[in-house]
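Q: Just so you know, the protein sequences line up as chains C and F, in that order.
Using the numbering used here, the first residue of the first sequence is number 1, and each one after it goes up by one.
Using the numbering used here, the first residue of the second sequence is number 1, and each one after it goes up by one.
Just so you know, these hints were derived from the structure itself, not from any lab.
All values derive from a computational prediction rather than experimental measurement.
Take these hints with a grain of salt, some might be off.
[As the list claims (entries may be wrong)] List of simulated lysine-lysine pairs, DSSO-like, C-alpha gap at most 30 Å: (1) C/K173 - C/K41; (2) C/K56 - F/K48; (3) F/K115 - C/K139; (4) C/K51 - F/K69; (5) C/K61 - C/K248.
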Amino acid sequence: MNDMLQGWVDDPAKVEEIMNDLPFPVFQDVWQPIKGTGKNKKTLLYDYIRKASGGKFPKRKQTVGDCVAQGAAYAVDAVKSVDIILNKEFEEWVAETATEDIYAGSRVQIGNGRLRGDGSIGAWAARYVNEYGAVPRGKYGNIDLTTYSGSKARSWGRKGVGVPKSLLPIVKKHPVLTVSKVTTYEEVRDLISNGYAVTIASSQGFSSRRDSEGFASPKGSWAHQMSILAVDDEYKRPGVLVQNSWGKWNGGPKRHDQPDGSFWVDAEEIEKRILKKGDSWAFSGYEGFKPRELNTRII
Amino acid sequence: MNNKLVLITVLVVGVVCYKNDTIATPQVVADDLKTSNVSQVFSNIQSKEDKLTIYKLFAGSAEYLKNCKSLQATQQFDPILGRVQSSYAWDREKYPEFTDAVSEYLVSVGYNVPKPLTTDEQRKDFANIFQSLAEATKNE
């Protein structure tokens, strides 16, 4: 796979910097109340996204090395949908989460322009959506985020540029309320089954061919961030569903009507090969959008 | 699709009720002054067929909303109504003055402000808006 379509930067020291600023940097610290609640359960966050979006599941296909924002945006989509469908918060979907601002915000507003070339760090994106926020695709004054633009993400992500100042006050109204680092399958299992979303980053690649049970085996090396949009701990082969941002890049059998571009990963593989790398993050609670006024010209 | 089918079924029932009622004395909605302008403008519409469709849409909506528990918020209903109107080949704003009158009524009862539909009371209140419109356009 083209390196351009990856973009995660492995930098444990910078992750540590971010963790020093977070109220609950490690999910393990607050895990106790929900520990074990996801055991033998199946939770499909992508179904919540489908329901909340009226069937418009985001089909992300990155064109530059902004995978960190793509993975984080899927997690925001999931949290937003859980708020609407599961928690019945009086909010509306509006549109899939924009990625350009998350990418630029992570690199510039949080990372202070210290990275050269494409790419970002999972912790920076988590910090950005928590300290600033995330917005759905749409027009915000003269800023048009209606359609994904890799070049805009790259341009905004340059040192000294960042998220436009006029957009930041809008973004700040819509933060992800908590972000915490996760490091084990059991944490992820319990989090997902309680409506959290998880975005993951590592250097681990996977096969583009799913096996007969929808799983992809570890293969190759990707410096890449993605998102976990389901967990199935009741199946004979426990695992998580990983959603990639390369469009319809893989093939093979599916389970539970999983979205295109996704694949199941065995529990022990996700923990050993990805979560233990230390840059995977759980998101929960999104300050969403209250429904706008209704059209009264209905007849 | 299920929502649409249920609403269409209710609309068909509405037609039968409407036809049975056409021989009755015209009903004046004296108990709801807010809809009086709707009734008045409705009476200016010449096409009996269109009048029947309008009544069907309002009566069917009221009946559907009384029984439907799948909607979580009021803003979810308009797309359903829109699809049913399309299936009836009904164009919104066909009678602009009537659209104005209905719109004024809807604003006066707070329809324009999105509300949750999570309790029976909320569902009943929302259904009553359309019930009033149905009564205002019945047997004119």
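Q: For the pair supplied as a hint, F/K115 and C/K139, is the alpha-carbon distance within the 30 Å limit?
A: Holds: F/K115 and C/K139 sit about 25 Å apart, inside 30 Å.
Q: Does F/K48 sit within 30 Å of C/K56, going by the straight-line distance between their CA atoms?
A: Outside the cut-off at roughly 40 Å; violated.
Q: Would you check the hint for C/K173 and C/K41, treating anything up to 30 Å between C-alpha atoms as holding?
A: 34 Å, violated
Q: Hint check: C/K51 vs F/K69, CA-CA at most 30 Å. Holds or violated?
A: Between C/K51 and F/K69 the Cα gap is close to 16 Å, so the pair holds against 30 Å.
Q: Are C/K61 and C/K248 close enough, with their CA atoms no more than 30 Å apart?
A: Distance ~8 Å between C/K61 and C/K248 Cα, so the pair holds.
In summary, the structure is inconsistent with hints 1, 2 from the numbered list given earlier, while agreeing with the others.
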